[in-house]
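So the protein lines, in turn, are chains Z and H.
For the first sequence, this note's numbering gives the first residue as 1, with consecutive numbering after it.
For the second sequence, this note's numbering gives the first residue as 115, with consecutive numbering after it.
Possibly wrong hints are sitting among the right ones.
[To be verified] Far from chain Z, by Cβ distances over 10 Å, these chain H residues were calculated:
(1) Val127
(2) Ile134
(3) Arg171
(4) Lys185
(5) Ala205
[Stated by the list, open to error] Covered, in the sense of this in silico footprint (three residues per stretch, anywhere, with C-beta under 8 Å from a C-beta of chain Z), are these stretches of chain H:
(6) 155-169
(7) 172-184
[Said to hold, decoys possible] List of simulated lysine-lysine pairs, DSS-like, C-alpha gap at most 30 Å:
(8) Z/Lys55 / H/Lys170
(9) H/Lys170 / Z/Lys13
(10) H/Lys213 / H/Lys156
(11) Z/Lys18 / H/Lys182
Worth flagging that the hints you see were computed from the coordinates, not collected in a lab.
The beta carbon of each residue, even a glycine, is placed where N, CA and C say it ideally should be.
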Amino acid sequence: DVKVTQSSRYLVKRTGEKVFLECVQDMDHENMFWYRQDPGLGLRLIYFSYDVKMKEKGDIPEGYSVSREKKERFSLILESASTNQTSMYLCASSLPQGGYTEAFFGQGTRLTVV
Amino acid sequence: GESVGLHLPTLSVQEGDNSIINCAYSNSASDYFIWYKQESGKGPQFIIDIRSNMDKRQGQRVTVLLNKTVKHLSLQIAATQPGDSAVYFCAEKTGANSKLTFGKGITLSVRP
């Protein structure tokens with residue numbers, strides 16, 4: 001079974017802190033994604049990566065950066081956490097193909113910025 | 115702008131009845147449409163997908179219908195069970211990199 005593991009289920013951070021959210025997948029997937037999920041807004045793509053050291057901005061990249069040093073790990077970085085970044089963060093991975101391949105999600109990290 | 119959206123925020127159905135969850139999309143260039151189910155405390159889980167050159171696809175107890183004329187996608191669940199209670203998201207894929215755009219989600223509540 002594909003497994004996407006996010007390092008924390010719950011995090012509480014202070015405004016201005018640098019925050020790292022870690023995601024690891026064990027299926028050798030090339031594509032990895034970070035989404036945030038907010039009530040009434042669904043899932044919105046922050047960043048994605050289709051190869052090691054490659055990254056592309058999603059729909060809402062402001063205030064975030066990412067790192068993909070190894071194929072299995074994709075990190076989301078909040079350079080200076082703000083209260084409006086309080087949200088559920090979801091990591092996903094998939095194989096790269098011309099057509100669609102199923103994206104597998106982690107269980108999510110609920111981040112609260114105080 | 116391009117968007118994927120859902121018509122209703124919540125849907126309540128009687129156990130054993132059929133459920134129909136609807137979704138509108140606006141990007142005519144999307145080539146795949148996917149339904150995900152998210153149970154409380156978990157990440158979204160793939161249910162079924164459909165290519166843009168198809169009108170209908172069936173899975174186990176689920177059917178997805180695609181109407182490209184009106185840019186409408188629906189998920190039908192037969193004989194709805196309590197375990198079907200969850201938030202359902204439609205998503206569309208545009209381009210070769212498997213980037214997905216999700217709708218806002220609809221909550222399905224199954225009454226015993």
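H/Val127: least C-beta distance to chain Z exceeds 10 Å?
holds, 21 Å
Cβ separation check - H/Arg171 to all of chain Z, threshold 10 Å
Label holds. Min Cβ-Cβ 12 Å, cutoff 10 Å.
Does the claim that H/Lys185 lies off the interface hold, with its Cβ farther than 10 Å from every Cβ of chain Z?
holds, 17 Å
Three or more residues of the segment 155-169 of chain H near chain Z by CB distance under 8 Å?
holds (count 8)
Whether H/Ala205 stays farther than 10 Å from all C-beta atoms of chain Z, as the label says
The claim is violated: H/Ala205 sits with its nearest Cβ about 8 Å from chain Z, within 10 Å.
Below or equal to 30 Å on CA atoms is what counts here, so check H/Lys213 against H/Lys156.
holds, 21 Å
State whether the coverage of the segment 172-184 of chain H by chain Z holds or is violated, taking the criterion as 3 or more residues with Cβ-Cβ distances under 8 Å.
violated (count 0)
Status of the stated non-contact between H/Ile134 and chain Z (beta carbon gap over 10 Å)
At about 19 Å from chain Z, H/Ile134 clears the 10 Å cut-off, so the statement holds.
Taking 30 Å as the top limit, are the C-alpha atoms of Z/Lys55 and H/Lys170 close enough?
violated, 35 Å
Given the hint that H/Lys170 pairs with Z/Lys13, does the C-alpha gap stay at or below 30 Å?
violated, 46 Å
Holds or violated: Z/Lys18 and H/Lys182, Cα atoms, limit 30 Å.
violated, 45 Å
Taken one by one, the earlier hints fail for this structure at numbers 5, 7, 8, 9, 11, listed in ascending order.
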